[in-house]
Amino acid sequence: MTSRTVNVLAPNGRRQTVKCTLNTTILQVLEEVCKKQGFNPGDYDIKHHNKALDTSMTIQFSGLPNNAQLELGPAVKTRKESEITVALNVQDGNRILGTFLPSNTLQDVLNSLYQSQEPNPVVIYMRRELYGEDLEKTDLRSLGLTGGRAMLRVIHKSPEELKTQANVSSTIPPKIVEEKPYKRVFQPIDHNDNAHTVDGEHSHIDDQKFSPTAKNVPAQLDVLKLAKERKRNEDKANTMDHKSSQEVLKPEKGRTIKKEGRPRISETIKPQTVEQVHSYELDDVNLEDFPFTGDKRGLIFPLESAESQVIEDPPDDFFNLTVEDAKTILRDIRRNKEEAEKGGPLLTAALRQLEESEKQLRKINKYSVCIIRILFPDRIVLQGVFSPTDSVKTVSEFVAEHLSNINTPFYLYSSPPKKILPEDKKLIEVDCVPRALLHFGIEDLYKTNQLSFLRDDLRNKFTTNSRASLAAMKIKHEMKRIKNQDEDAGKESPIAGCSQESDSSKATHTETDLKTEKIPKWFKAT
Numbered sequence: 001m002t003s004r005t006v007n008v009l010a011p012n013g014r015r016q017t018v019k020c021t022l023n024t025t026i027l028q029v030l031e032e033v034c035k036k037q038g039f040n041p042g043d044y045d046i047k048h049h050n051k052a053l054d055t056s057m058t059i060q061f062s063g064l065p066n067n068a069q070l071e072l073g074p075a076v077k078t079r080k081e082s083e084i085t086v087a088l089n090v091q092d093g094n095r096i097l098g099t100f101l102p103s104n105t106l107q108d109v110l111n112s113l114y115q116s117q118e119p120n121p122v123v124i125y126m127r128r129e130l131y132g133e134d135l136e137k138t139d140l141r142s143l144g145l146t147g148g149r150a151m152l153r154v155i156h157k158s159p160e161e162l163k164t165q166a167n168v169s170s171t172i173p174p175k176i177v178e179e180k181p182y183k184r185v186f187q188p189i190d191h192n193d194n195a196h197t198v199d200g201e202h203s204h205i206d207d208q209k210f211s212p213t214a215k216n217v218p219a220q221l222d223v224l225k226l227a228k229e230r231k232r233n234e235d236k237a238n239t240m241d242h243k244s245s246q247e248v249l250k251p252e253k254g255r256t257i258k259k260e261g262r263p264r265i266s267e268t269i270k271p272q273t274v275e276q277v278h279s280y281e282l283d284d285v286n287l288e289d290f291p292f293t294g295d296k297r298g299l300i301f302p303l304e305s306a307e308s309q310v311i312e313d314p315p316d317d318f319f320n321l322t323v324e325d326a327k328t329i330l331r332d333i334r335r336n337k338e339e340a341e342k343g344g345p346l347l348t349a350a351l352r353q354l355e356e357s358e359k360q361l362r363k364i365n366k367y368s369v370c371i372i373r374i375l376f377p378d379r380i381v382l383q384g385v386f387s388p389t390d391s392v393k394t395v396s397e398f399v400a401e402h403l404s405n406i407n408t409p410f411y412l413y414s415s416p417p418k419k420i421l422p423e424d425k426k427l428i429e430v431d432c433v434p435r436a437l438l439h440f441g442i443e444d445l446y447k448t449n450q451l452s453f454l455r456d457d458l459r460n461k462f463t464t465n466s467r468a469s470l471a472a473m474k475i476k477h478e479m480k481r482i483k484n485q486d487e488d489a490g491k492e493s494p495i496a497g498c499s500q501e502s503d504s505s506k507a508t509h510t511e512t513d514l515k516t517e518k519i520p521k522w523f524k525a526t
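Residue numbers for the sequence shown follow UniProt numbering, beginning at 1 and rising by one.
Incorrect hints may appear among the rest.
Claimed, not checked - No farther apart than 16 Å at their CA atoms in a straight line, the calculated lysine to aspartate or glutamate pairs in the EDC-like style are these:
no. : residue 1 : residue 2
1   : K80       : E129
2   : K157      : D92
3   : K363      : E288
4   : K474      : D289
5   : K157      : D139
6   : K363      : D390
7   : K19       : E31
8   : K157      : E129
9   : K51       : E71
10  : K393      : E429
11  : K77       : D45
12  : K418      : E443
13  : K426      : E478
14  : K419      : E429
15  : K480      : D283
16  : K447      : D378
17  : K426      : D456
18  : K366      : E443
19  : K425      : E397
20  : K461      : E288
21  : K425      : D378
What the hints assert, rightly or not - Here are the simulated distance ranges between beta carbons:
no. : residue 1 : residue 2 : range
22  : E338      : K393      : 44 to 50 Å
23  : K393      : E478      : 41 to 47 Å
24  : M479      : E304      : 28 to 34 Å
25  : S305      : L282      : 16 to 22 Å
26  : L9        : R128      : 48 to 54 Å
27  : H477      : T448      : 28 to 34 Å
28  : N50       : Q115      : 30 to 36 Å
29  : K393      : E304      : 27 to 33 Å
30  : L458      : P314      : 38 to 44 Å
31  : F462      : I420      : 46 to 52 Å
Because the hints were derived from the structure by calculation, they are not lab data.
Here the structure is a predicted model, which is why all the values come from computation and not from measurement.
The C-beta atom is built at its ideal place from N, Cα and C for all residues, glycine as well.
All chains should be modelled from the sequences, with the hints used to inform the complete structure.
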């Protein structure tokens, strides 16, 4: 058993070295020091860093290191031995209680509380197993018990079984493999039968087109020679590719040559819904073909009509970093480091509000319309087209027009997290531009078992998610085209009156300069 040593400083200034084991209690250390120094153990405590240690604790669970420096100090309360209430847990699950003195041994406890005919009783206390002669030699005081209550556990096992650990598998002996001497066997290789193919930018050697004798090559073939031969053939194939690429004619106009490198994410991930929407030509789509409702070009469709996107995983080559990717990552890291070191400017509330206003103005200038979708509890979606400057109340009025009961008290909220939108706010202020999905909610006082919320006459105007997305794209396309036409017209209109305005502005400018110019004192007007 592992032995340890502790140094105890007595009140008389002497140091006492005590050798102990992991199962030695603090009380045993205290009694040994007091016995050698001539003190009463009941009047003193052992302290570690001015903290009194529990006398019933063992060295193993006290947290004391080896060669710990302890101190013998006066006890706050004089210890007195009293009767100990012992609870004995037996193997059948019963618990037997009894009262004993600290001087009683464990064998006395077993004889008084547990009369069993089974051999080899083992008493377990604080993970310490005591059996055989130790039961007669060990009293309760040696376990650190001088009063109070304690719990002991009794099992029946032979000493040999106690040495066996549970859930520990035996080690498997390693197999001895006889090593055979390596022999190099040279096999002639026919260079004429080594067929290689060149396909576009990649070249490979067909290893299966060797001579018939090469199929029966033994396992001890010279691998080094084969590797050199394959490298030589690859070099020849690369030179052929280089020569053939120089003789290729220039590509036709309008055609693009695909460069080597990892594939783009747009080439590997192709959502099914995006393919269906983009399969239409927006110029050929007529808005009159859609079943619009209301003045906001509303469309209704069930959520089940939205097909799930089939996203294919990109190939492994996509995740291989190229030199350009490494440069981009390094540049971003350096930029972030510089920004973190310099720190951002301290903005006042007015400046933050100004930045938010500029951000909203940029959005309004960029997006002329916004698409709002409202999801009902019955999984029906209502889509409408609004202006970024419209308020949430406008959206609520649009929703109320489609309800079967117009007087239904409801609110609109975004999720996650759930945030009820105030009706006095604009869509640009609640971050609903260029598109947003809102939820239809009803107050708890007015909740019913209503299954449908829209009018019955709107059932024949249901469409699909793809058609609603196509209509939204068409509306955005039309608004963008109108905006571009207005900008072109605005650029041409000021040209006609440009010369007249410039002449008049020059004259006005000269007059104001003469008036504002200071007159020298020596100048006399005639």
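Checked hints:
1. K80 - E129: 27 Å, violated
2. K157 - D92: Holds: K157 and D92 sit about 14 Å apart, inside 16 Å.
3. K363 - E288: Cα-Cα ~29 Å, so violated.
4. K474 - D289: 12 Å, holds
5. K157 - D139: 21 Å, violated
6. K363 - D390: 14 Å, holds
7. K19 - E31: 13 Å, holds
8. K157 - E129: 11 Å, holds
9. K51 - E71: 10 Å, holds
10. K393 - E429: 13 Å, holds
11. K77 - D45: Holds. K77 to D45 sits at ~9 Å (cutoff 16 Å).
12. K418 - E443: Since the Cα atoms of K418 and E443 sit roughly 14 Å apart, the hinted pair holds (cutoff 16 Å).
13. K426 - E478: 23 Å, violated
14. K419 - E429: Distance of about 13 Å is within 16 Å: holds.
15. K480 - D283: Holds: K480 and D283 sit about 13 Å apart, inside 16 Å.
16. K447 - D378: 14 Å, holds
17. K426 - D456: With a Cα-Cα distance of about 31 Å, the restraint between K426 and D456 is violated, given a limit of 16 Å.
18. K366 - E443: Since the Cα atoms of K366 and E443 sit roughly 36 Å apart, the hinted pair is violated (cutoff 16 Å).
19. K425 - E397: Since the Cα atoms of K425 and E397 sit roughly 14 Å apart, the hinted pair holds (cutoff 16 Å).
20. K461 - E288: 13 Å, holds
21. K425 - D378: Not satisfied, since the Cα-Cα distance of roughly 27 Å exceeds 16 Å.
22. E338 - K393: 44 to 50 Å: 46 Å, holds
23. K393 - E478: 41 to 47 Å: 26 Å, violated
24. M479 - E304: 28 to 34 Å: 30 Å, holds
25. S305 - L282: 16 to 22 Å: 21 Å, holds
26. L9 - R128: 48 to 54 Å: At roughly 28 Å between Cβ atoms, R128 and L9 fall outside 48 to 54 Å, so the hint is violated.
27. H477 - T448: 28 to 34 Å: At 42 Å between Cβs, range violated.
28. N50 - Q115: 30 to 36 Å: Violated - the Cβ-Cβ distance for N50 and Q115, about 48 Å, lies outside 30 to 36 Å.
29. K393 - E304: 27 to 33 Å: Check passed, 30 Å falls within 27 to 33 Å.
30. L458 - P314: 38 to 44 Å: The hint (38 to 44 Å, Cβ to Cβ) holds, given that L458 and P314 are roughly 42 Å apart.
31. F462 - I420: 46 to 52 Å: 28 Å, violated
The structure fails hints 1, 3, 5, 13, 17, 18, 21, 23, 26, 27, 28 and 31 (numbered hints given earlier, in ascending order).
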